[in-house]
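Could you slot chain Z onto chain C? The hints should help.
First to last, the sequence lines map onto chains C and Z.
First residue of the first sequence: 22, per this note's numbering; consecutive thereafter.
First residue of the second sequence: 22, per this note's numbering; consecutive thereafter.
In short, the hints are calculated from the structure, not lab data.
Predicted model, so just to flag it, every value in this text is computed and none were measured.
Any given hint could turn out to be false.
Just so you know, same-sequence chains aren't split out, so a pair can sit in one copy or run between any two.
[Claimed, not checked] Derived lysine-lysine pairs resembling DSS-like cross-links, with alpha carbons at most 30 Å apart:
no.	residue 1	residue 2
1	Lys161	Lys62
2	Lys238	Lys185
3	Lys62	Lys119
4	Lys200	Lys62
5	Lys62	Lys264
6	Lys25	Lys62
7	Lys161	Lys264
8	Lys161	Lys25
2 protein chains.
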Amino acid sequence: PRMKLVLVDHNEFAQAVAGADEAEIIEVIDHHRLSGNLRTKEPIRFINEPVGSTSTIVGIMYRMREAAPDKSTAICLCAGIISDTLHLTSPTTTSTDKEILEWLAGIGGIDSAQFVKDFFAAGSMLREHTPDRALESDRKVFEENGWHISISQIEELGLEEFWKRETELQGALQALLTKHSLHFACLMVTDITRHHSVLLVAGDQRVIDAIDYPQAKEHVYDMAGVVSRKKQLFPYMSHVVTKLDAP
Amino acid sequence: PRMKLVLVDHNEFAQAVAGADEAEIIEVIDHHRLSGNLRTKEPIRFINEPVGSTSTIVGIMYRMREAAPDKSTAICLCAGIISDTLHLTSPTTTSTDKEILEWLAGIGGIDSAQFVKDFFAAGSMLREHTPDRALESDRKVFEENGWHISISQIEELGLEEFWKRETELQGALQALLTKHSLHFACLMVTDITRHHSVLLVAGDQRVIDAIDYPQAKEHVYDMAGVVSRKKQLFPYMSHVVTKLDAP
Chain C
22 PRMKLVLVDH
32 NEFAQAVAGA
42 DEAEIIEVID
52 HHRLSGNLRT
62 KEPIRFINEP
72 VGSTSTIVGI
82 MYRMREAAPD
92 KSTAICLCAG
102 IISDTLHLTS
112 PTTTSTDKEI
122 LEWLAGIGGI
132 DSAQFVKDFF
142 AAGSMLREHT
152 PDRALESDRK
162 VFEENGWHIS
172 ISQIEELGLE
182 EFWKRETELQ
192 GALQALLTKH
202 SLHFACLMVT
212 DITRHHSVLL
222 VAGDQRVIDA
232 IDYPQAKEHV
242 YDMAGVVSRK
252 KQLFPYMSHV
262 VTKLDAP
Chain Z
22 PRMKLVLVDH
32 NEFAQAVAGA
42 DEAEIIEVID
52 HHRLSGNLRT
62 KEPIRFINEP
72 VGSTSTIVGI
82 MYRMREAAPD
92 KSTAICLCAG
102 IISDTLHLTS
112 PTTTSTDKEI
122 LEWLAGIGGI
132 DSAQFVKDFF
142 AAGSMLREHT
152 PDRALESDRK
162 VFEENGWHIS
172 ISQIEELGLE
182 EFWKRETELQ
192 GALQALLTKH
202 SLHFACLMVT
212 DITRHHSVLL
222 VAGDQRVIDA
232 IDYPQAKEHV
242 YDMAGVVSRK
252 KQLFPYMSHV
262 VTKLDAP
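Chain C extracted, bound-state conformation (with noise of 0.2 Å):
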């Protein structure tokens, strides 16, 4: 019999276990783009709510249930949301990411203020990992008329760290390229403090001329004002390789 899975903050193929496209999906929660790779013979729970968190979509079901989470849960749960919306102020946050945090701060017995202020501050993924680690941290591929486009994200209280080690990051974007036959490969460096982002770049020269973002430097681009790779890195570079031909 085959593998059942259930793709939990995903559901395309290209993000999922190696081997997802074998198994049978017997479940969706998700709160990301709809990626037309599901097909099935009968129905089956796809709930995709565009909230800021999964974590959200998990805290809705219990309530719908009349139930409530344990408190290390909550706990779990309010760390998703917290993370996923910087603490609310994500472009990607709704009121039901609000009331939903509310309710599991409530339950796990957590100061909401001193919790995201330990959260944020607990470390720096440039400073205390590898190159090749901190772009494997957080990385998503996604396959559009024909290009293979990889965005590593990570989240910095500052962009020293990032200064620092750019040509070593630059250098180890390179490497994925090949390692994953990729046509462009990109970092977002987002810091929080400040609700702004870098982009450095790899790949094809199609795509970085197409790219028009105020240039920092040769391979970094400045994005004022973006945080959210889902509702706005994606969208744009969708669009910029939407624009340009298949590769």
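Positioned in the frame of chain C, the structure of chain Z alone reads:
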């Protein structure tokens, strides 16, 4: 700007209004299999719950918001659930359908038993309409493995009217094949008093030969216990044409 559409009770373009594939789909509320037809650049709400009726999902959504429909809306939703689930007896019925129907019947102030009796006695599609019109009253098209297939469904109190009109209905099915360039078309007539259906078929002989339900007469098959197009007949036909070569 493109027309904006919400798809309700379906998620495939073959079942949507003409031109839906050029519109912007902004929301989907459904309980059918996933078509894989929908690909978006940004997240949208896509709610698919494997319950007996999309009206049940609408009821769930009211309850989630701690709101309630007005009386006439509640009665319409009751009729939807009763019709889709053959008053909670179809194999697609879930405990959620039961719970939501009870809640809505309270708001609608209806006596469920009497309402069901009146509802199903409200007239015979086969007696009151032309064969053409009867075939079109609830007809769905799907494409699988290159095969274009149409399935009409009619619910009746008894099968007398079907047997009286079988020859005319066979003629109307043949006309449907030509008109819509289909490979195969069928009509499922469900006797809701006995939970039994008959299937009238027309089209490609390879499909007809692959049907292994007991034959009642030429072009008519007996399907004991089969009442759901979505959960029983659709997966069956899908299985049949998957095993065949493309037409």
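Okay, the hints, checked on the actual structure:
1. Taking the shortest alpha-carbon separations for Lys161 and Lys62, both the intra-copy value of 28 Å and the inter-copy value of 15 Å come in at or below 30 Å.
2. Taking the shortest Cα distances, Lys238 and Lys185 sit within 30 Å of each other inside one copy (14 Å), while across copies they are farther apart (81 Å).
3. For a Cα distance limit of 30 Å, the shortest separation of Lys62 from Lys119 across copies, 25 Å, qualifies, whereas the shortest one inside one copy, 37 Å, does not.
4. Taking the closest pair of Cα atoms, Lys200 and Lys62 come within 30 Å of each other only across two copies (27 Å); inside a single copy the shortest separation is 36 Å, beyond that limit.
5. Taking CA atoms no more than 30 Å apart as the test, Lys62 paired with Lys264 passes between copies only; the shortest distance there is 14 Å, against 34 Å inside one copy.
6. Taking CA atoms no more than 30 Å apart as the test, Lys25 paired with Lys62 passes in both settings, with 15 Å inside one copy and 27 Å between copies.
7. In this homomeric assembly, Lys161 and Lys264 come within 30 Å of each other (Cα to Cα) only inside a single copy, at 21 Å, whereas the closest approach across copies is 36 Å.
8. Taking the shortest Cα distances, Lys161 and Lys25 sit within 30 Å of each other both inside one copy (23 Å) and across copies (29 Å).
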